[in-house]
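Trainee: One-letter residues, chain by chain:
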Amino acid sequence: MSAEIQSTSLPMAPVRHAVRRHWDENLLAWLIAAITLLPLAVVLVSLLQPQTDIWAHLTAFVLPDLLLNTVWLLLGVGVGSLLLGVSLAWLTAIYDFPGRKHFGWALALPLAMPAYVLAFVQIGLYDFTGPLQTLIRELWGDSRWVPAIRSRAGVILTLTLALYPYVYLLARNAFQTQGRRALEAAASLGLSRRQGFWRVALPMARPWLVGGVTLALMECLADFGTVATFNYDTFTTAIYKAWFSLFNLTAASQLASLLVLAVLVLALLEQHVRGDKRYTSAGRLSQMRPERLRGWRAALAVCACLLVLGLAFLIPLVQLLWWAQSVAAEQLDLRYFGFIGRSLLLSAGAAGLVVLIALALAYAVRRKSGLGVRLAARLATLGYAVPGTVLAVGVFIPIAWLDNRLIETVRTLGWGEPTQLIKGTLAVMLLAYIARFLAVAFEPTQSAMQRITASQEEAAASMGLGRRAVLRRIHLPMLRGGLFTAALMVFVDVMKEMPITLMTRPFGWDTLSVRVFEMTSEGQWEMAALPAVAIVLAGLIPVILLALHTEKQA
Amino acid sequence: MSASLLNLDQVEVGYGDKTVLRDLSFALAPGEIGCLLGPSGCGKTTALRAIAGFETIRAGRIRLNGDVIAGADGHWPPQRRGIGMVFQDYALFPHLTVAGNVGFGLGALDKGARAAKVAELLEVVGLAAHANDYTHALSGGQQQRVALARALAPEPRLLLLDEPFSNLDVELRERLSQEVRDILKARGMTALLVTHDQHEAFALADRIGVMDGGQLRQWDRAYALYHEPADRFVADFVGEGAFLPATVIAPGELSFELGQGPYLATQEGRPGQTLQVLLRPDDVLHDDHSALQARVVKKAFRGAQFLYTLALPSGATVLSLVPSHHDHAIGELIGIRLEIDHLIAFS
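These protein sequence lines map, in sequence, to chains Y and H.
If you're matching positions, the first sequence starts at 1 in full-length UniProt numbering and goes up one per residue.
If you're matching positions, the second sequence starts at 1 in full-length UniProt numbering and goes up one per residue.
Just chain H, same shape as in the assembly (with noise of 0.2 Å):
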């Protein structure tokens, strides 16, 4: 893990007798884009500043760049530790312009190379025609990204951003976010996001901890994530799917409804024991020659694609997502397949 620029290890905070995380433990290597998802009051804004220094830990140790800046033999204040911030609400310097955010934190570079500096940051993220504004007269993406040139301009080792995007409309979030994620890219920034909205998640960061309860319950990259969650929470908070009851027939190998194959699973079945087998809306295709035939039940128009809820013949149901100009009505019978790499199952 030396290779690693951070690295938490069985890090907890807790405030009281109330603990808010636990055993947290991942690493970043440098130039990788992470992210920390979770639903609110999972503990991924408290692990992100704890990495800052604005929370202290409890127990475990925090590392960056191999020193160890938060554990057991101290905690150091967060103006050391050389970690950028973008913060939710951006907390701008409303007493100050645009450029005089961005040069706040270059007190120890000289005037002119001062200068410099923030006309570049400026450049790269495209106000150089708003320097002497005052943030109050930019618009939410505007004032996201000074909030952005304000935190790269002292060359931090790390940038953290929370919630980046959450003040944005919906269209602008997708558009920023790809841009934030090129600018990171070519600086080669190590940066860590928090998020509760997956889509941000999966177009800004290479790898992503979904987080529960004040835990990790898994640190991957997003296909793994949606293709081969470690548990049952993971999958039911990543993307969408649908849960069919099968058998375990043989170790490693299950029957259910809709076929028979090897699995993954994180605890070994006894052949007999009934798991739960995850069927994600892509892995169940629409085949007007298939054999496989199951009731139209729920539709709901996603513009390229139609995202079928189907009733197989046990009553059971799935989800399929179809391109949309197979337009079927509620109640009519299609023919579908599977096409799926390996199977999931959870007990």
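Chain Y with its partners taken away, still in its complex shape (with noise of 0.2 Å):
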């Protein structure tokens, strides 16, 4: 990216740099895409040489279990997130109640809360010593008869409510945006409100109920936290167990190639059910005014919004607030604030990072817009698709690797004895979280890049400026916004992210949510509340945003 290569897209631009260029921006896309891809290869081959005693070991005694699991927790959460999603999503979009605006931005609020800590918080709420269960035997002298919080229904409840928004947000999206002119074309054919949901809202709004289901599953894919909690067996937590419980890197990998191949999977269902059809919206947004509902309705819709905020939000959040301030006293000491220091210089870090490699790459695929380029933004991409667990050990794998090299390297050449290079600093942990996180930066990144169009740059061409300048005076102001989210989104998910942090961090860097999880793998609640307030806080910032969004929409 020099300054006296010229864009092709300018006047007068001169044609022989035209190839130059084309490769520089080539290399610079693939190099990121690298970062993504490597790992993931580093784990598919691993499916390709299996060792059989490892395979004859996982097939009888982990991989059924796992796969159970799995395929329970995946159709659990599906339908789940569906059926609470669409129809939250409906009553808010389609009709009016009081508290229907609020209740609008707030049902996505359970973004803010990591399902992981979501999970210990039900469990402290609804297990045998937890409030509910103690009062019930004081008022009944029994509460065997409440069903296990710790059970595959807990777990898929737990999930489900945590991840239900994903759903929720496309689907009010789809409805608001293009279902209520359908919706009087439908009416002005013959068919009533009712009629109209089942033939035309939901069959229209699809692709965006399928993308959210495929969202709320991946997410499940690639939790590990929740299921840790609950001691409930999956990939993730198999693969973390291979790793630190049994130092068996193999089997760890053989493990992540398998959740890679259920991912993908999923990619391709996802696929095959959004089907070939192109979705746009049926006409342009009008403004027809939501059907106000009165009397029973309407405290019944009330208390539908109360009941699902208050189990995926209110109520946990209560009980957060309650552990963490009943610790606060000894809790709230110099260790404490080296938890919040290492998780705020941490998240910085890696966002100021992510946004510059995303920015790079959605800046080489403006300028150059090539099938090469483009397909290399693609898979640089996919990394959000991929578990943290996954990356961990597709990005330590070569590191450790390349290490062992250098280690030989400079003993032969007589320089000392180092036992590691690259393995024990945070290049492994960065690695993995650009991998992961620069999806979450690009989105922002380039849809702020497509605002300015091509006439602007030429514009500003046509006044003289070099493209340094181009990008210095028009893209940077201009992006201004976009970056800022991008930095924001990534910084957020760094914070609440676990299953990379735990498994990649060098001796001694102790976030937030490796305290969360050291807590609650030692079922101190207590404890683990007041780390985990300081991560929904920061948790709260991106949905609170997507609120102000909204409403400004609306």
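In case anyone wonders, no lab produced these hints; they're calculated from the structure.
For clarity, every value in this text was computed on a predicted model and none was experimentally measured.
Check before you lean on any hint, since a few could be wrong.
Unchecked claim - Facing chain H, from chain Y, some residues (calculated, C-beta under 10 Å):
(1) 50
(2) 53
(3) 186
(4) 188
(5) 206
To be verified - Derived Cβ-Cβ restraints for the label pairs, each shown as a range:
(6) 95(Y) <-> 110(H): 28 to 38 Å
(7) 450(Y) <-> 169(H): 23 to 33 Å
(8) 95(Y) <-> 113(H): 30 to 40 Å
(9) 272(Y) <-> 113(H): 50 to 60 Å
(10) 95(Y) <-> 65(H): 48 to 58 Å
(11) 56(H) <-> 299(Y): 21 to 31 Å
(12) 291(Y) <-> 301(H): 29 to 39 Å
(13) 31(Y) <-> 170(H): 44 to 54 Å
(14) 291(Y) <-> 187(H): 25 to 35 Å
(15) 111(H) <-> 291(Y): 29 to 39 Å
(16) 170(H) <-> 310(Y): 40 to 50 Å
Glycine included, C-beta positions come from ideal geometry on N, C-alpha and C.
Join the two chains, each given in its own frame, into one complex according to the hints.
Mentor: Next up, the structure:
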């Protein structure tokens, strides 16, 4: 990206530079894509070289349970989040009832609470020693009839409550933007509102619904903290155990490769269900006012929203704050500020790094919109679908290999006797973060970039600005908002991230989420609450921004 | 008025303390094509949506085939009214094929009858070959025809068209509006159209209502709107023209720079009062032998004709449409004469 290379889209661009520029940006994009592709390749290659003894052990003792657990989890959370998300979205998009406007954004609040935080709060609330069962025992003397929260149903319920907002937000968007005009058309053809829902709004929203459910299921597959808290073995926990308890890197990467296959199957399934139909909205936004609910119908609507919001966010939050304040006096010490400090440092550093790379990638795509660059960008942003446990394994293995080569070289040169060079640094963790969160930063960066039109660039060029000046005086100022959003999203995601941090952190780099994991695995809910509150507070930022954004649109 | 199919009686629509539509009354006979014409924000789309049932009316009454579909006693939901609608943006269902869209409102028919109906309508709009395409694969004009076929399929009692051609380019617009008129007339369909484009209104409608500020100014045939506008707004909005000062010389008679004669007016003027008389460009003819001379101030080439702006000796200007082989230079004096059935004057 040197200044003397001119864009061919500018007037009088020297043609002879085109070839070289083309190559530059292709190389850049593919280098970025390699950060995601290399770990994936490493993990997948292990699938091709099965070690028979490990496979025998896995298929006999581990895999059947893992598969069964995973399938149940996907099925339960898929159906649950679809039902919850679609019905709440329809309710708040089409009907009017007291508090509708506030429920509209508040129902997305559970996104602020990572599933692993919700998990330990739910267990604390509804387990045998929790306040609910204690109260029941005080009233009736016996609480053994209450269904156990530490169960398959409990995990499914918890993850559904944590992940339904993905379906809710997308479905609501679909209903609001294209359901209404289409519903009018359906009404003019003789359909009632209920018929319109089943025959028009729902089928038209299908790509959004499929997208939302896929997001929820991807999160489900990637989830480590929740299933670990519930002792519900899935691939992510199995990878972690193979890595830390058995120190078996090969088994870990074999399991990781199976998890990648599961993700792949899910992605293909989405493509298939979505079909080849292109969905554009039927007509522009129309200002049809929502139908007013009265009497018991309105009361029912309010109750439904309150129930979900209470179970998924308000009650857990109150419980969390209660625990946090009960231990604040003894726990709010230097150690705690150390967790916060490292979390902030890591999140900010990763955010800056990821946004920089996302900007480079978006710029490369814009400059050279060829197939090669677009493919590279597509592959580079795949990482968001890849579970953190997989990336941790996939980044660690090649780095460890490289480290060993370097150590050998150092030894043969007689420069010293190091035991590790790159392995024990932040590099592994940061690379895994980049691979996982590049998509998060790339989306807002690219959409901001797309808002700069070619003619705006050409206008600047016609006024004599060089390529670097265009970047500085047109691109960066216009991109500021998008880059800020991108950085904020990555910041919060890294703050909440658990498996990568847990598996690849250098010695002493305990963050808030690591602390939450350690305390929950010992069943110390109160101690876990304090760091969890800080994570939830950070998680609230993007949800509030999202709410403000949707309010502005409405 | 019992013979009319659609009848609006002093209809009022408003939101909060804002009245969007007031005192709207007009009627459409069966098989007639009506049009509400007016600038944007005049309330014409609101009127259409009130008839369709997407807006509730605050006062007045809407009757369809004798049934009161909206009024003090209640408000039929849109799906019960049996009114078809072609939306401005077509609102086609993207998850259905062309045939699926057209057959959408035919739930009451059995499979065979539905397929036959869909085939018939696709034949009518000339899209039989596209039955299994998805709508986004079609051009704008084709999408428009799918929307028309879809609205016609359930055989509605009335068809509403909301700016049906505004998303199309000009040439296509003219061709399609003729096609649509032919289709509607062939089926004996009663229709009401909303547009801001007078050419579209003239091409399609039997009766046109000019609206402004939420009120209907005139409900009439195109010829009458042009040559006998009810008020100054209609005279300005429909067609081109110039106003010349005139003096009332006797009851029903006035005199102005180019002559004198009987006139029509909304209010009777007193002798001696000054009025404005409307002259359309086709009222002022070019005649080399005429003693009346006017100076060419501006000229606009319109293909078959020139539209000249001519200054009279007093300095007032009139417009004149002249066959384009009469090419006069600006500043030149040319002879003109009036050919006019009756004078229209406004105060």
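Trainee: Would you mind marking each hint as holding or not holding in the structure?
Mentor: Hints, one by one, checked against the model:
1. 50: violated, 44 Å
2. 53: Residue 53(Y) check fails; min Cβ-Cβ to chain H is 52 Å, beyond 10 Å.
3. 186: Since chain H brings a Cβ to about 8 Å from residue 186(Y), closer than 10 Å, the hint holds.
4. 188: holds, 4 Å
5. 206: holds, 7 Å
6. 95(Y) <-> 110(H): 28 to 38 Å: holds, 34 Å
7. 450(Y) <-> 169(H): 23 to 33 Å: Taking Cβ atoms as reference, residue 450(Y) and residue 169(H) lie about 27 Å apart, which means the hint holds.
8. 95(Y) <-> 113(H): 30 to 40 Å: Between residue 95(Y) and residue 113(H), where Cβ atoms are some 36 Å apart, the hint holds.
9. 272(Y) <-> 113(H): 50 to 60 Å: violated, 34 Å
10. 95(Y) <-> 65(H): 48 to 58 Å: violated, 32 Å
11. 56(H) <-> 299(Y): 21 to 31 Å: Holds: the Cβ-Cβ distance is about 24 Å, inside 21 to 31 Å.
12. 291(Y) <-> 301(H): 29 to 39 Å: Taking Cβ atoms as reference, residue 291(Y) and residue 301(H) lie about 55 Å apart, which means the hint is violated.
13. 31(Y) <-> 170(H): 44 to 54 Å: holds, 51 Å
14. 291(Y) <-> 187(H): 25 to 35 Å: With Cβ atoms ~34 Å apart, the hint holds.
15. 111(H) <-> 291(Y): 29 to 39 Å: For residue 111(H) and residue 291(Y) the Cβ distance comes to about 33 Å; the hint holds.
16. 170(H) <-> 310(Y): 40 to 50 Å: This hint is violated: roughly 58 Å between Cβ atoms.
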